[in-house]
Amino acid sequence: MDKSSLPQYFVGNRYFHARTRRPVTLRYIGPLPPISSPLDPASQVWLGIEYDDPSFGKHSGVFQNIQVFHTREEGSGAFLKFAGRPLEEGKNLVQSIEERYGPIIPNDAGHSPHIADNVHANGKGLILGSSKGSIIVETPNNWANAQKRLGNLEKLRIMGFEDEGITALGGDENLKEIMIVRLRGVEWLNLSRNLLKGWGEVAEIAECFEGLQTLTLSHSRFEALLNNLPDDTKQRLGALNKITELHLSDCSTSMNEVVLLIPFFPNLRVLHLEANRTISNLSLDEEEYQILDRWKTLKKLRLGGCQINQWDEVANILKHLSGLESLDLSFTPLSYVPPPSTINYESIRSFSLLGSCLLRWEYIDHISQNFPRLTSLRFSISSGAISSVTPDGAQNSPSLITSSPDLQRALVISKFPNLITFNSTTITPSERRDAELFYINYVKLNTSEHPSERGNWGRYVELCKVHGRDETSTEKKPEAGLKGKMITLKIYRYPTDPSPSTLALLPSSSIKLLKHKISRLIRANATTSLHLWTVINEGGKMQKVIDIAQEREGHDWTVGWWFENGDSVLVEE
Numbered sequence: 006m007d008k009s010s011l012p013q014y015f016v017g018n019r020y021f022h023a024r025t026r027r028p029v030t031l032r033y034i035g036p037l038p039p040i041s042s043p044l045d046p047a048s049q050v051w052l053g054i055e056y057d058d059p060s061f062g063k064h065s066g067v068f069q070n071i072q073v074f075h076t077r078e079e080g081s082g083a084f085l086k087f088a089g090r091p092l093e094e095g096k097n098l099v100q101s102i103e104e105r106y107g108p109i110i111p112n113d114a115g116h117s118p119h120i121a122d123n124v125h126a127n128g129k130g131l132i133l134g135s136s137k138g139s140i141i142v143e144t145p146n147n148w149a150n151a152q153k154r155l156g157n158l159e160k161l162r163i164m165g166f167e168d169e170g171i172t173a174l175g176g177d178e179n180l181k182e183i184m185i186v187r188l189r190g191v192e193w194l195n196l197s198r199n200l201l202k203g204w205g206e207v208a209e210i211a212e213c214f215e216g217l218q219t220l221t222l223s224h225s226r227f228e229a230l231l232n233n234l235p236d237d238t239k240q241r242l243g244a245l246n247k248i249t250e251l252h253l254s255d256c257s258t259s260m261n262e263v264v265l266l267i268p269f270f271p272n273l274r275v276l277h278l279e280a281n282r283t284i285s286n287l288s289l290d291e292e293e294y295q296i297l298d299r300w301k302t303l304k305k306l307r308l309g310g311c312q313i314n315q316w317d318e319v320a321n322i323l324k325h326l327s328g329l330e331s332l333d334l335s336f337t338p339l340s341y342v343p344p345p346s347t348i349n350y351e352s353i354r355s356f357s358l359l360g361s362c363l364l365r366w367e368y369i370d371h372i373s374q375n376f377p378r379l380t381s382l383r384f385s386i387s388s389g390a391i392s393s394v395t396p397d398g399a400q401n402s403p404s405l406i407t408s409s410p411d412l413q414r415a416l417v418i419s420k421f422p423n424l425i426t427f428n429s430t431t432i433t434p435s436e437r438r439d440a441e442l443f444y445i446n447y448v449k450l451n452t453s454e455h456p457s458e459r460g461n462w463g464r465y466v467e468l469c470k471v472h473g474r475d476e477t478s479t480e481k482k483p484e485a486g487l488k489g490k491m492i493t494l495k496i497y498r499y500p501t502d503p504s505p506s507t508l509a510l511l512p513s514s515s516i517k518l519l520k521h522k523i524s525r526l527i528r529a530n531a532t533t534s535l536h537l538w539t540v541i542n543e544g545g546k547m548q549k550v551i552d553i554a555q556e557r558e559g560h561d562w563t564v565g566w567w568f569e570n571g572d573s574v575l576v577e578e
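The numbering used here numbers the first residue of the sequence shown as 6 and each following residue consecutively.
Rather than coming from a laboratory, the hints here were simulated on the basis of the structure.
Backbone N, C-alpha and C fix where the C-beta goes; we use that ideal spot for every residue, glycine too.
List time: in silico DMTMM-like cross-link candidates among lysine to aspartate or glutamate, alpha-carbon distance up to 20 Å: (1) K247 with E182; (2) K63 with E78; (3) K495 with E577; (4) K324 with E351; (5) K247 with E192; (6) K490 with D572; (7) K239 with E209; (8) K495 with E578; (9) K495 with D552; (10) K301 with E291; (11) K305 with E250; (12) K181 with E159; (13) K301 with E262; (14) K305 with E192; (15) K522 with D572; (16) K546 with D475; (17) K520 with E577; (18) K470 with E569; (19) K305 with E262; (20) K495 with D475.
Pairwise CB distance ranges, derived in the manner of DEER restraints: (21) S515 with N261: 56 to 62 Å; (22) L412 with Q240: 56 to 62 Å; (23) K490 with P377: 37 to 43 Å; (24) E104 with T249: 28 to 34 Å; (25) G80 with S352: 35 to 41 Å; (26) T238 with N261: 17 to 23 Å; (27) G190 with L412: 48 to 54 Å; (28) L412 with G460: 19 to 25 Å; (29) E182 with Q240: 15 to 21 Å; (30) G473 with P271: 49 to 55 Å; (31) G190 with I391: 45 to 51 Å; (32) R528 with R438: 26 to 32 Å.
Can you build the whole structure from these sequences, using the hints too?
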């Protein structure tokens with residue numbers, strides 16, 4: 006095979022695998038060690054590639070124990086024999102725009118070139134290209150108007166070219182100037198899953214979109230910026246300074262590489278770094294932390310799906326991002342949150358921890374203490390963690406986070422005093438009161454044998470004071486049998502009843518049964534609608550708190566949810 010007939014490839018460029026269409030980065034061109042001597046010299050040339058998806062790789066650039074090239078991710082490399090055309094090039098952005106919207110520089114008829122060539126002489130049909138003029142497809146009367154509307158680039162606000170194999174901007178300087186004028190209204194550009202190799206190519210594209218605010222580059226692979234860039238490169242990257250939201254999910258980047266980008270995104274407010282398997286270490290050097298200190302604009306940081314497992318590293322990052330208000334650590338292997346240091350992060354208002362590996366309630370308390378002004382929380386346990394919480398044995402400890410959504414919600418609400426939404430659902434004042442009263446009883450019940458441990462339950466002591474409960478009271482050891490499990494309630498009739506009646510029933514009894522027994526006890530009319538109030542004692546007077554009959558009727562809440570032994574119930578007809 007003549008070498009001159011081989012396609013021209015460049016190390017560092019990005020291509021499609023010709024057979025699978027998988028995106029790859031070319032890392033090596035040359036022979037494999039040790040060099041043998043067969044027939045065709047061209048047959049000795051191999052291509053070392055790195056797949057974007059490591060599951061398609063065969064190794065990490067090693068051949069016969071010799072490191073031929075390096076990969077970003079373990080096991081993502083492979084070798085291809087340089088025969089035929091093993092890799093295919095992509096296209097430029099100008100081509101993609103014109104294929105979809107028509108020519109950037111419209112012709113006189115307003116058609117794109119490939120459409121204009123196929124318009125029939127009568128103007129009412131299109132000639133099917135493969136028919137050599139024998140097949141004419143009739144077009145609707147408003148065909149020209151449809152073409153005109155489609156090609157109205159000035160009205161576009163969002164443009165998406167995901168997975169189109171774009172490698173560069175394309176076009177000449179004249180076309181670029183026209184693009185700047187016609188595309189100035191575009192605010193969001195999606196270039197995910199493309200073949201752009203570096204930030205220079207990205208900046209050249211961004212320069213054509215003067216109104217651009219959101220740039221999506223997820224599922225891409227970029228060369229890391231160098232520490233000391235030439236002045237002309239810095240000037241070219243200045244086109245990125247208008248971006249306020251940047252998506253770099255699954256870009257195989259590292260936190261160190263992100264820090265090198267910061268000076269070129271001075272107005273960035275939202276940064277998406279989800280699913281970057283290469284972000285496992287958040288530790289930076291002193292110079293990098295100083296760059297973070299100067300980054301005051303960032304408000305939202307998304308790190309979901311990264312391999313972060315050290316809370317101390319998270320805390321160090323937060324110290325230097327003083328303007329950050331929202332943090333996402335969902336689906337990370339973080340399994341431990343230590344007690345907070347003297348520093349807390351009062352700027353954080355929103356926190357996401359879906360698919361969490363945290364198993365103990367004390368870690369949630371520590372998060373609450375780290376983020377004392379948190380108003381929005383999204384939290385769930387990962388399926389792997391749930392499977393480890395078995396219904397019996399040691400895993401059934403009350404100190405472990407429950408997998409029950411209702412119980413989990415009540416306890417979480419109680420642990421965060423300023424929380425307004427949990428898992429995207431608003432917390433009403435009545436729900437907060439319900440949850441906090443339940444939390445008090447829950448802690449007392451589950452620490453009855455070790456009352457001294459109650460102080461370790463986050464806001465327990467604080468909530469007892471808020472709701473007028475005695476945090477030091479302990480339950481007497483119950484008698485054997487059902488009688489020993491029953492609680493006695495004092496039943497007062499509203500507005501005054503100096504001598505209350507008493508009623509004994511199991512904590513597991515339903516509110517419906519409680520209403521029925523109270524109705525019989527006070528001889529209420531069968532049609533009377535009773536209101537059952539929980540109460541607190543303020544200044545020797547009972548104050549109504551929650552009407553459990555009205556607010557919770559139809560829900561499967563039990564008497565034990567609301568009351569302890571000796572509590573009072575105020576009945577209003």
